[in-house]
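S.K.: Kindly generate the complete structure, drawing on both the sequences and the hints.
Numbering-wise (our numbering), the sequence shown opens with residue 364 and increments by one.
Treat the hints as calculated values from the structure; they're not laboratory data.
A few of these clues could be false.
[Said to hold, decoys possible] With a straight-line cut-off of 20 Å between C-alpha atoms, the simulated SDA-like cross-links for lysine to any residue are:
hint, residue 1, residue 2
1, Lys-925, Leu-597
2, Lys-632, Lys-712
3, Lys-801, Pro-627
4, Lys-836, Arg-805
5, Lys-501, Pro-609
6, Lys-528, Glu-500
7, Lys-857, His-868
8, Lys-711, Tyr-628
9, Lys-836, Lys-871
10, Lys-453, Gln-767
11, Lys-503, Pro-609
12, Lys-538, Ser-1079
13, Lys-983, Ser-1079
14, Lys-632, Leu-471
15, Lys-904, Leu-593
16, Lys-406, Ser-924
17, Lys-632, Leu-412
18, Lys-538, Thr-644
19, Lys-434, Val-514
20, Lys-801, Gln-464
21, Lys-836, Ser-850
22, Lys-702, Glu-657
23, Lys-836, Ser-411
24, Lys-836, Arg-861
25, Lys-801, Lys-925
26, Lys-538, Arg-908
27, Lys-1006, Glu-963
28, Lys-538, Ala-563
29, Lys-1083, Tyr-1045
30, Lys-836, Glu-963
31, Lys-984, Glu-1076
32, Lys-711, Ile-638
33, Lys-974, Ala-995
34, Lys-434, Leu-452
35, Lys-839, Leu-412
36, Lys-501, Pro-479
37, Lys-974, Ser-1056
38, Lys-1006, Asn-832
39, Lys-801, Lys-702
40, Lys-538, Asp-620
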Amino acid sequence: MIKQVVIGIVCGAAVLTAGILIGHFGITKSVSSAPSWVKDVAKDVDESLIEKFMSEVDNIQIQENLRELTKVPHMATTPGDEKTVQLMLKRWQDKETGLDQAWREEYLVYLSFPDPKKPNKVTVVSPTDTVLHTAREKEKSYPPEQDDPDVVQPYAAYSPAGHPKGKLVYANYGKPTDYLKLNETVDLRGTIAITRYGGAGRAAKAINAAPYGVVGVLVYTDPFDINDGLMSDLNETYPHSWYLPPSGVERGSFKTDYGDMLTPYLAAKDDTYRIPVESITGIPPIPIQPIGFEDAYRLICELGGEEAPGLWQGAFNCTYNFGGPGFKNTSVFNNSDVKLDIFNLEEKKNSSNVMGVIRGSVEPDRYVIYGNHRDSWVHGAIDPSSGTSVMLELTRVLGRMVKQGKWRPRRSIIFGSWGAEEFGLIGSAEYTEQYFTKLSERTVAYINVDIAVFANATLRASGMPSLQNVIFKATKQVDTPGLASTSVYENWIKYFSRTSPAHGHIPKMGYLSGAGSDYAAFVHYLGISSMDLAFTYDRNKTNARIYPAYHTAYDTFNYASKYIDPGFVSHQAVGRTAGNILMRLADSLVLPLNCSDYAEILEDYLSTAVKLYQSELQAKKISMEPLKRAVASFRTAATHLDKVIHGSDLANETPLKIRRINDQLMLLDRAFLNPLAFPDKYAFRHVIWASSSAGKPTFPGLADAFDSAESSEQSSAWDKVHYHLSVLSQAIEGAADTLVDVI
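M.R.: Here you go:
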């Protein structure tokens, strides 16, 4: 009996041991034989790789990039532009530091140039057509860069050719209210108006003038708006400081819509249908020409008529008058006209985007896009080559990490060097039109770094509220140049800040409500979460509306290295910040987008709208309750999704659950699109971030509709307010529905 028990125990132990061994080796073998992708799918962003990236971003490399990019003027489609195309391709196809793939994409686009054989002229002519004064046709040369024969004459792109002549009047900024005020005092029929930059869009200065009978427009940069009043090139302006010299002229695109004008909503390929030229809208109906403030000074200080209002006065040491129309009786220009001889030519030309890709390892069908335009008006050191030089350094560092096998992003990264941006965001717009479906379905976010450095005081960031979190995280990890132990975040909050109910005292981000750079098509047309990053100046120290050499021949390497960012350390900080954000968007297991931050901004917009509009809307029997319910629903849905994200062990969740959550985050802004919300605004479909003329910090479409109804004598105008209130409410409700659990 005892023997049988012992044998049983031994046999049981042997079976148990065998089971343990089989289980051990079976499990080990099972784990070791698991597909390699299992580990990759669960991998999150690697902080050590982000640190490595930031440590390798080199300010001297950025400096040399800028030096190379600005050797010659590179206006869109010129030989200088082609040189930058070749430079981008060479860098992005480099075997050691290049991208996985790089190529060019061409579009046949409608552009406008001055006639090199017949320069545009602005003259003051006597009744006998004697020329009494001729405005400078070319900016004064200081450093030798201005002597380059490819420096284009200052002109207004898309201004029609023509030869208008008439008495001069001063129209301030050329806003609708300015012309209305001026017309109360002066008969504007047959006059030439002189306006200053700012206050209204470039094209609007002529579009607003034409209904009053104005036949031509001049535009200049007043020293009050750009130079803090300084005017002398003997000791006050460039080359002695960053301020605009008297002969400096801001060039620009004088059209209201972005993209190629002959192929609306279609990519401008060779065989694409084009509308007739006479069907183009949003361009000046009358000739317009920019001039320097040295010539504007001569003209404005000689004007007769009544004194203009105080807010119309600029920095010239004379009284700004409306004009008689025309000049004072005591002026040497008495009884003389101003004449514009504009010889601009329009033509279709091939413009190139240069594209590059780093393929994703886990989700190659999800794209993070980083873009900067390449073309400039002249040498373009700041606009846009500061951004291009940063992008080249960013891709050099990331490309080398990929080539060395040290890193490959989870998602694909697409780099875009856009062409013909200065003519109205053409390259980026055509790209979004050509790849509309793919980009709509697959793009996670778009990062825009156009002008990387306006000046070197602080970061300025604008974007969708959902991106606030990842921008803040990145800026906390980047040092502020010249300030030991101070992060970009800490420095930023000193210049631009707000109080958040959820986060307390934080930096204040701007909104991408207009079409100021290449983010426009991504935000307004595609509804892709986007941001725009730059270093800028201390607004307590200058009233400049933008850096003073903007769009002039003085925007050179010398200007940038001497007055904008000596040492290129702010360029370096922007590169580190943008690259940090890019890697997080490309590598994070769960996209670093925060819906609750979006809810906070919607609530803030709602609060303002209720204060401004509710009482009058109630009197019109229009209820704001649907909008209130919609915003409340969005908050509830955002809170729920936050709990799902933070309450889950996402590293151990199924890949499909992660993908579902990421799609909810990625597609959020698409839910705010309505193609019928703004029938009068080309390619504006995002109901939260559309441009607005009302100037109110609330929902733009509602604000514009309300302002229009208040100034209208027709009761039907309030129907449009009601309509847009419904559009807005249902868009927000729809966005909230995308954040709840999938049915």
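S.K.: Evaluate each hint against the coordinates.
M.R.: Against the structure, the hints:
{"no.": "1", "hint": "Lys-925 / Leu-597", "verdict": "18 Å, holds"}
{"no.": "2", "hint": "Lys-632 / Lys-712", "verdict": "11 Å, holds"}
{"no.": "3", "hint": "Lys-801 / Pro-627", "verdict": "19 Å, holds"}
{"no.": "4", "hint": "Lys-836 / Arg-805", "verdict": "24 Å, violated"}
{"no.": "5", "hint": "Lys-501 / Pro-609", "verdict": "12 Å, holds"}
{"no.": "6", "hint": "Lys-528 / Glu-500", "verdict": "18 Å, holds"}
{"no.": "7", "hint": "Lys-857 / His-868", "verdict": "10 Å, holds"}
{"no.": "8", "hint": "Lys-711 / Tyr-628", "verdict": "17 Å, holds"}
{"no.": "9", "hint": "Lys-836 / Lys-871", "verdict": "14 Å, holds"}
{"no.": "10", "hint": "Lys-453 / Gln-767", "verdict": "19 Å, holds"}
{"no.": "11", "hint": "Lys-503 / Pro-609", "verdict": "9 Å, holds"}
{"no.": "12", "hint": "Lys-538 / Ser-1079", "verdict": "26 Å, violated"}
{"no.": "13", "hint": "Lys-983 / Ser-1079", "verdict": "11 Å, holds"}
{"no.": "14", "hint": "Lys-632 / Leu-471", "verdict": "6 Å, holds"}
{"no.": "15", "hint": "Lys-904 / Leu-593", "verdict": "14 Å, holds"}
{"no.": "16", "hint": "Lys-406 / Ser-924", "verdict": "42 Å, violated"}
{"no.": "17", "hint": "Lys-632 / Leu-412", "verdict": "40 Å, violated"}
{"no.": "18", "hint": "Lys-538 / Thr-644", "verdict": "19 Å, holds"}
{"no.": "19", "hint": "Lys-434 / Val-514", "verdict": "12 Å, holds"}
{"no.": "20", "hint": "Lys-801 / Gln-464", "verdict": "18 Å, holds"}
{"no.": "21", "hint": "Lys-836 / Ser-850", "verdict": "11 Å, holds"}
{"no.": "22", "hint": "Lys-702 / Glu-657", "verdict": "17 Å, holds"}
{"no.": "23", "hint": "Lys-836 / Ser-411", "verdict": "15 Å, holds"}
{"no.": "24", "hint": "Lys-836 / Arg-861", "verdict": "17 Å, holds"}
{"no.": "25", "hint": "Lys-801 / Lys-925", "verdict": "43 Å, violated"}
{"no.": "26", "hint": "Lys-538 / Arg-908", "verdict": "17 Å, holds"}
{"no.": "27", "hint": "Lys-1006 / Glu-963", "verdict": "16 Å, holds"}
{"no.": "28", "hint": "Lys-538 / Ala-563", "verdict": "6 Å, holds"}
{"no.": "29", "hint": "Lys-1083 / Tyr-1045", "verdict": "18 Å, holds"}
{"no.": "30", "hint": "Lys-836 / Glu-963", "verdict": "19 Å, holds"}
{"no.": "31", "hint": "Lys-984 / Glu-1076", "verdict": "17 Å, holds"}
{"no.": "32", "hint": "Lys-711 / Ile-638", "verdict": "13 Å, holds"}
{"no.": "33", "hint": "Lys-974 / Ala-995", "verdict": "17 Å, holds"}
{"no.": "34", "hint": "Lys-434 / Leu-452", "verdict": "17 Å, holds"}
{"no.": "35", "hint": "Lys-839 / Leu-412", "verdict": "16 Å, holds"}
{"no.": "36", "hint": "Lys-501 / Pro-479", "verdict": "12 Å, holds"}
{"no.": "37", "hint": "Lys-974 / Ser-1056", "verdict": "19 Å, holds"}
{"no.": "38", "hint": "Lys-1006 / Asn-832", "verdict": "16 Å, holds"}
{"no.": "39", "hint": "Lys-801 / Lys-702", "verdict": "51 Å, violated"}
{"no.": "40", "hint": "Lys-538 / Asp-620", "verdict": "18 Å, holds"}
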